[in-house]
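Peer 1: What follows is each chain in one-letter form.
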Amino acid sequence: MELSSNVNENEHKSIRVQGGLSMGLNARTSEKVAFALLSLSAVAIAAFVVIILAYIMYNGYSAISIEFLTEMPRMMMTEGGIYPAIIGTILLIIGSMAVALPMGIMAAVYLNEYAVENRTTWIIEMAINNLAGTPSVVFGLFGLALFVKYFDFGSSLLSSCLTLSLLIIPVIIRSTQEALIAVPKEYRESSLALGVSKWQTIKHVVLPAAIPGIVTGSILSIGRVAGETAPILLTGVVYFLPRLPDSMYSQFMALPYHLFVLATSGTSIAQTRSLQYGTALVLLIIVLGLNIIAVLIRSHYRQKVKI
Amino acid sequence: MFDRNYKEKAIESVLFSVSALTVIVLLLICIFLFRDSLLLFKDTSLLDFLTGKFWYPTSVNRQFGLLPLFLGSLLVTAGAIIFAVPLGIACAIYISEIAPPKIAGFLKPFVEILAGIPSVVFGFFGLVILVPFIQNTLNLPTGQTALTGSIMLAVMALPTIITISEDAISSVPSTLKQGSLALGATRWQTIYKVIVPAALSGISAAVMLGVGRAIGETMTLMMVTGNTAVIPSFPGGILNPVRTMTATIALEMGEVPQGSAHFHALFAVGTVLFVITFLINLIGDMIKKRYKFKVD
Chain A
1 MELSSNVNEN EHKSIRVQGG LSMGLNARTS EKVAFALLSL SAVAIAAFVV IILAYIMYNG
61 YSAISIEFLT EMPRMMMTEG GIYPAIIGTI LLIIGSMAVA LPMGIMAAVY LNEYAVENRT
121 TWIIEMAINN LAGTPSVVFG LFGLALFVKY FDFGSSLLSS CLTLSLLIIP VIIRSTQEAL
181 IAVPKEYRES SLALGVSKWQ TIKHVVLPAA IPGIVTGSIL SIGRVAGETA PILLTGVVYF
241 LPRLPDSMYS QFMALPYHLF VLATSGTSIA QTRSLQYGTA LVLLIIVLGL NIIAVLIRSH
301 YRQKVKI
Chain B
1001 MFDRNYKEKA IESVLFSVSA LTVIVLLLIC IFLFRDSLLL FKDTSLLDFL TGKFWYPTSV
1061 NRQFGLLPLF LGSLLVTAGA IIFAVPLGIA CAIYISEIAP PKIAGFLKPF VEILAGIPSV
1121 VFGFFGLVIL VPFIQNTLNL PTGQTALTGS IMLAVMALPT IITISEDAIS SVPSTLKQGS
1181 LALGATRWQT IYKVIVPAAL SGISAAVMLG VGRAIGETMT LMMVTGNTAV IPSFPGGILN
1241 PVRTMTATIA LEMGEVPQGS AHFHALFAVG TVLFVITFLI NLIGDMIKKR YKFKVD
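Residue numbers (my numbering), protein chains in the order written: chain A, 1 to 307; chain B, 1001 to 1296.
One thing to keep in mind: the hints can contain errors.
Straight-line distance between alpha carbons at most 16 Å, and here's what the computed EDC-like set of lysine to aspartate or glutamate pairs gives [stated by the list, open to error]:
1. A:Lys198 <-> B:Asp1043
2. A:Lys203 <-> B:Glu1012
3. B:Lys1009 <-> A:Glu113
4. B:Lys1289 <-> B:Asp1167
5. B:Lys1289 <-> A:Glu79
6. B:Lys1289 <-> A:Glu113
Treat the hints as calculated values from the structure; they're not laboratory data.
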């Protein structure tokens, strides 16, 4: 391998000498410069990710303690912990996934297994793409108009969960579709050939084979729910509530909004810096932890398929 | 047998109804946004709203002029695109064409992590690091400027631009590449004269979707752009505080009485935002589709 590439190198050199030295040299030099710049851009992006993560970890880890994670905030949030914000974020995740996961999977099964290419399917696909690209603050406005006002759920956990579930349904549909496409056609054909009905085939053959992909996609959308701020800001989150929500109709605290308020409009922004880093770190750990789990599931599954 | 067919049909219709729900949600978004926006136009004309130069929602002579907010969004987004497009495309080319597979596999998770970081964390990072940095290096009265917003937004739009460009670049048929190399072109000549032009429509779709991502971003901008609702001057305005459409909605909605003119004005801003992103996504999708046909 090594040897042959050396030979190639020499061939290039001799061609260059015969075919015009200056042009060949220029092309070679500009290739070197261009490749260096391109690799530099990739390194810059990776470096930025490392810097932002390292910075928040370095400054945040000293703030994190058992008390910080399990205590109520005190003194208008200048002291104490972030327990209600953690619980609020977990409740948001459970509530919105309970709605979005079944709906997203069902829609994806229809689009991938039943839908034929026609106008209706095209319209549905277009709607999903547009929902995926609609800004989260617009979902917030919609949640405010529909759930908070029209259905009269008020500014509440319920309104926020429903709004967030609409936001992540397109994500779940897309990742489930990808997982379903990856299931080999033969699986379906052999099951159908045995006289099994279409739905039975989907239920017992296609969906089980697609589960790792579906799980990966849903974990990524959980990360999205945990990090979104604008939609819950308009539909039910509050900045200070030193107790847990007692029903779906209560208002609640959540980690991203807690961080936002502490960092921008708290009474003493400078004094609460360490609480801010701590909250940012807890939020990052939840979101990135979920991302890492998703990546691990995916690579584990890919290795299994290779064997 | 009849029973089984009946059940199969019923299941199919249930699944169809759930997918059709996505269309209904999109329609409902249109209806509810338009409904609450229209009430603004009882006492403000559409033209005054779209071309008004002043956003004074709470003063005695209240005015709901969209221009400062629209131009604020435009300026910040344009700045972000100037930073993010070259960097994103360069990174996509490096990952898909130049990097050895091991290094590409090592770099990709960084892009995924970047996509996963919540916007409020970006905002926080911008606030504690970039804002003081910009203020000190450029010697400005405040570091909360359009430029700060553009830089943060560029970082956030990168994953979208990189992922979609990379898809476009790696789906260029390898025969094109081999043909070019066989003619004696260097790898770099092949990349910029053959591969990138062939992937251009996919790359432009990536840019469009990156713009859509940037223009809809809320929390980060609220935290780093200073939120001053004045028409930004050009080009000096990039170093002044600005207020985007998204930030305006998120900042003011908490304090307005429901049903007031101000409340409806914020919905009207939301409708404009929705229409803009809808069009951008539609164009991006159309470009992507055309490009797929070409490759087939």
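Peer 1: Decide if the proposed pair is consistent with the structure: lysine 1289 of chain B and aspartate 1167 of chain B, CA atoms, cutoff 16 Å inclusive.
Peer 2: 13 Å, holds
Peer 1: Taken at face value, is the distance from the CA of glutamate 79 of chain A to the CA of lysine 1289 of chain B at most 16 Å?
Peer 2: 54 Å, violated
Peer 1: Sort out whether glutamate 1012 of chain B lies within 16 Å of lysine 203 of chain A, counting only the CA atoms.
Peer 2: 13 Å, holds
Peer 1: Keeping to a limit of 16 Å between CA atoms, is the pair of lysine 1289 of chain B and glutamate 113 of chain A held or broken?
Peer 2: 21 Å, violated
Peer 1: Within a Cα-Cα threshold of 16 Å, do lysine 198 of chain A and aspartate 1043 of chain B meet the stated pairing?
Peer 2: Given that 16 Å is the threshold and the Cα spacing comes to 58 Å, the pair is violated.
Peer 1: Check the hint pairing lysine 1009 of chain B with glutamate 113 of chain A against an upper bound of 16 Å on the C-alpha distance.
Peer 2: OK: lysine 1009 of chain B and glutamate 113 of chain A at ~13 Å, within 16 Å.
Violation of the numbered hints given earlier is confined to hints 1, 5 and 6; the remaining hints are satisfied by the structure.
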